[in-house]
Amino acid sequence: MRYLLFFCACALLSSGVGAVELSDTYGTIQSPRFPDSYPSDTEVTWNMTVPVGFRIKLYFLHFDLEPSYLCEYDYAKVEAEGLVLGTFCGKESTDTEQAPGQQEILSPGPTMSLTFHSDFSNEERFTGFDAHYTAVDVDECMEQSDEDLICDHHCHNYISGFYCSCRFGYLLHTDNRTCKVECSDNLYTLRSGTISSSDFPNPYPKSSDCLYRIELEEGFSVTIIFDDSFDIEDHPEVTCPYDFLKIKAGRKEYGPICGEKSPGRIETGSNSVQILFHSDNSGENRGWKLSYVAAGNSCPVLQPPANGNIEPLQSAYTFKDQALITCNVGYHVLKDNLEMDAFQIECQKDGTWSNVVPTCKIVDCKAPRPLENGHVTFSTTNNRTTYQSSLQYSCQQPFYEMVPNITSAYTCEANGVWKNSELGTKIPTCQPVCGSPRFTRSALARIAGGSYAKKGISPWIAMLAQDGRPFCGGSLIGRQWVVTAAHCLHHPLDIDDPVLRNTDIKSSLSFTIILGKHRTLRKDDTEQSFQAKTILLHPRYNSSTYQFDIALLELADKPVLNDYVMPVCLPTDPVENGELAVVSGWGKQFLSRSPDALLEIEIPVVDKEVCQQTYASMGRKITEDMLCAGEKQGGKDACSGDSGGPMVTLNRSQKRWFLAGSVSWGVGCGEQDRYGVYADVLKNLDWIKEKSGVKY
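Numbering (numbering that gives the first Met the number 0), first residue to last: 0 to 695.
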């Protein structure tokens with residue numbers, strides 16, 4: 000290198016001027032003849048060039064040129080891109096203002112030139128300079144400023160170059176410097192909203208074309224109101240050449256719009272509005288923001304219906320406004336003969352309502368559910384069934400009673416149902432009055448050899464008749480069931496007909512059940528006749544021992560309750576020994592002749608052990624499901640034909656008669672030490688209630 004420089008310096012000595020091109024990324028430059036004194040009247044320029052993306056760093060390790068005011072004699076001048084970066088002369092140790100010293104000189108770009116100049120003479124010996132240069136990477140990212148941005152958002156430096164990237168949501172433009180947004184498909188369908196340039200109030204993106212569309216139903220008109228804060232790049236002489244807004248509404252167009260003055264309020268008169276915003280690749284303006292609202296044609300003001308309300312109740316309604324019509328408590332909306340809780344109408348684009356305001360109709364609970372064997376009494380004379388009307392249920396007196404026994408009224412509620420404070424929407428039932436005959440007893444006669452009972456004194460007694468003649472008795476319970484003896488419904492084992500002999504239970508068509516009966520063979524005007532719908536024998540009935548000798552008959556029809564037909568009550572407590580019981584029946588007397596009418600006796604209940612002792616010698620057993628009654632000396636007893644008939648006791652506190660037993664068996668009629676045996680109803684009560692449904 001020294002040889003090269005010396006050779007060049009020598010060449011320059013002959014010409015006095017020259018240029019050297021240097022393209023390496025580093026090198027050494029020395030004054031001619033260095034380190035000997037440089038020649039006079041010489042000028043040499045070294046032109047340094049490094050790759051793009053680099054700059055040149057130049058520094059001097061030795062410097063010794065003739066000093067002079069403003070370096071007018073000898074000097075070393077550094078230039079780059081038409082700029083003088085420094086002119087030096089003198090010595091490092093003395094003329095520090097003009098000598099480079101330890102200074103590093105950087106070029107702004109990839110080129111730099113160093114020119115050495117000496118005048119015609121040197122008063123002393125000066126050795127010149129020893130300089131070095133090298134290519135250094137340019138950090139473009141560090142050198143960008145707010146006024147001159149290399150990258151819009153992010154700058155990334157690498158050796159000999161840089162690249163740009165954008166924030167999330169932005170795209171790098173094709174110039175690889177600016178960042179734009181993809182904003183060509185913004186659709187607004189609500190009746191009001193706000194729209195602004197991206198990043199508002201920060202500067203909007205460059206190199207972008209944004210389209211915002213407001214699309215509403217036909218019938219709406221959009222009004223746009225721009226904020227006062229409005230800043231779009233403009234030009235003092237040309238209308239919006241850089242960035243601008245354009246608005247298209249139907250056939251109307253507004254714009255281009257730019258500058259710092261807000262467009263304010265724009266009545267578009269259209270339901271479809273397009274807003275186009277364009278920005279070029281420069282500028283740092285803040286952008287714009289607007290709000291929009293849509294209004295439609297007005298509809299007539301609404302008036303609430305009588306006994307009703309409108310929500311919302313407004314002084315003005317426009318297209319798409321909705322109104323909900325409701326009624327006061329106790330009223331229903333009536334529309335097209337249909338009752339509903341509410342009805343909604345809407346203001347249409349032509350300024351009319353979608354429907355007329357319906358009326359409010361008072362709630363009608365309709366006719367209440369009928370009460371079998373009962374009555375309904377309204378609180379008003381016209382039997383109103385509308386909201387807040389009231390009624391009361393009652394039962395047919397004196398043969399039915401209300402269960403449960405309520406006294407409060409039923410009221411027509413707002414939901415269209417009758418409701419009671421005690422039972423809610425349920426209604427009571429009318430159950431037959433049991434054990435309370437309309438006729439009272441005077442003197443009790445004897446069945447065996449006795450006189451007749453008073454007509455209607457035992458209105459629960461039933462006659463089981465075959466071919467018009469009684470063969471057993473029974474007791475009415477509830478509305479439709481008769482308690483009798485199981486053995487009454489069996490065919491005798493010694494009958495001649497083999498078909499009947501093999502049939503355990505009588506056919507329901509072979510006998511008749513008669514209620515309201517008094518005379519034995521003659522017809523009474525009070526009697527009611529029925530066929531058996533269902534025949535049920537106790538599942539534990541034993542025909543040889545008469546255990547559980549009890550059966551139920553369901554009547555095919557319900558009898559009419561009156562003074563002569565009334566059910567007996569089911570027992571709630573066991574009978575006590577010695578308690579008097581009444582037994583009724585149409586059984587034969589001692590002369591084997593049926594009585595003309597119903598007979599009854601009053602006999603005491605007998606202790607089971609005493610009763611068992613009288614039958615022990617005969618090999619008969621008194622079981623737990625049996626009762627005994629009668630007098631030791633005899634004379635009062637049930638006889639043939641009385642089987643299944645009632646044995647009743649009186650509860651004096653309740654003044655009601657209860658079915659204690661059903662006539663079952665015995666030996667003879669009214670003999671001494673021969674008590675009558677009865678099926679204990681209380682012992683069979685669970686089965687009776689389960690099968691019949693009678694609970695009282």
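It cannot be assumed that every hint is accurate.
Unchecked claim - Pairwise CB distance ranges (calculated): (1) Gln671 - Asp524: 35 to 45 Å; (2) Glu421 - Gln632: 49 to 59 Å; (3) Thr44 - Glu181: 25 to 35 Å; (4) Gly192 - Glu421: 39 to 49 Å; (5) Lys245 - Pro200: 51 to 61 Å; (6) Arg437 - Leu520: 18 to 28 Å; (7) Lys365 - Val559: 42 to 52 Å; (8) Glu80 - Tyr58: 17 to 27 Å; (9) Asn306 - Pro200: 16 to 26 Å; (10) Ile504 - Lys365: 30 to 40 Å; (11) Asn382 - Thr439: 33 to 43 Å.
Said to hold, decoys possible - Within a straight-line C-alpha distance of at most 30 Å, the following computed DSS-like cross-link-like pairs (lysine-lysine) qualify: (12) Lys532 - Lys522; (13) Lys360 - Lys557; (14) Lys245 - Lys360; (15) Lys631 - Lys694; (16) Lys522 - Lys607; (17) Lys620 - Lys690; (18) Lys682 - Lys557; (19) Lys245 - Lys505; (20) Lys245 - Lys260; (21) Lys360 - Lys418; (22) Lys454 - Lys557; (23) Lys453 - Lys247; (24) Lys260 - Lys319; (25) Lys453 - Lys425; (26) Lys522 - Lys620; (27) Lys288 - Lys365; (28) Lys505 - Lys365; (29) Lys247 - Lys334; (30) Lys532 - Lys607; (31) Lys76 - Lys453; (32) Lys454 - Lys418; (33) Lys620 - Lys587; (34) Lys688 - Lys532; (35) Lys631 - Lys505; (36) Lys56 - Lys76; (37) Lys319 - Lys348; (38) Lys245 - Lys365.
Note that these hints are calculated values from the structure, not bench results.
Beta carbons: idealized from backbone N, C-alpha and C, even for Gly.
Between the beta carbons of Lys365 and Val559, is the distance compatible with 42 to 52 Å? violated, 29 Å
Satisfaction of hint between Lys319 and Lys260, Cα-Cα up to 30 Å: violated, 35 Å
Mind checking the alpha carbons of Lys360 and Lys418 for me, to see if they're no more than 30 Å apart? Between Lys360 and Lys418 the Cα gap is close to 20 Å, so the pair holds against 30 Å.
Check whether the Cα positions of Lys319 and Lys348 lie no farther apart than 30 Å. Roughly 7 Å between the alpha carbons, so the hint for Lys319 and Lys348 holds.
Would you mind confirming whether the straight-line C-alpha gap from Lys532 to Lys607 stays at or under 30 Å? violated, 36 Å
Hinted pair, alpha-carbon criterion (30 Å max): Lys454, Lys557. Please report holds or violated. Holds. Lys454 to Lys557 sits at ~22 Å (cutoff 30 Å).
Pairwise hint evaluation, Lys247 against Lys453, where the allowed Cα distance is 30 Å at most: Violated. Lys453 to Lys247 sits at ~109 Å, over the 30 Å cutoff.
Take a look at whether the Cβ-Cβ distance between Ile504 and Lys365 falls inside 30 to 40 Å. violated, 47 Å
Evaluate the given range 25 to 35 Å for the C-beta pair formed by Thr44 and Glu181. violated, 53 Å
For Lys288 and Lys365, compute the direct alpha-carbon distance and say whether it is at most 30 Å. violated, 62 Å
Is the hinted pair Lys620 and Lys690 satisfied, with a Cα-Cα distance of at most 30 Å? OK: Lys620 and Lys690 at ~28 Å, within 30 Å.
Against the range 18 to 28 Å, how does the distance between the Cβ atoms of Arg437 and Leu520 compare: consistent or not? holds, 25 Å
Hints 3, 4, 5, 7, 9, 10, 13, 14, 15, 16, 19, 23, 24, 25, 26, 27, 28, 29, 30, 31, 32, 35, 38 from the earlier list are contradicted by this structure; the remaining hints agree with it.
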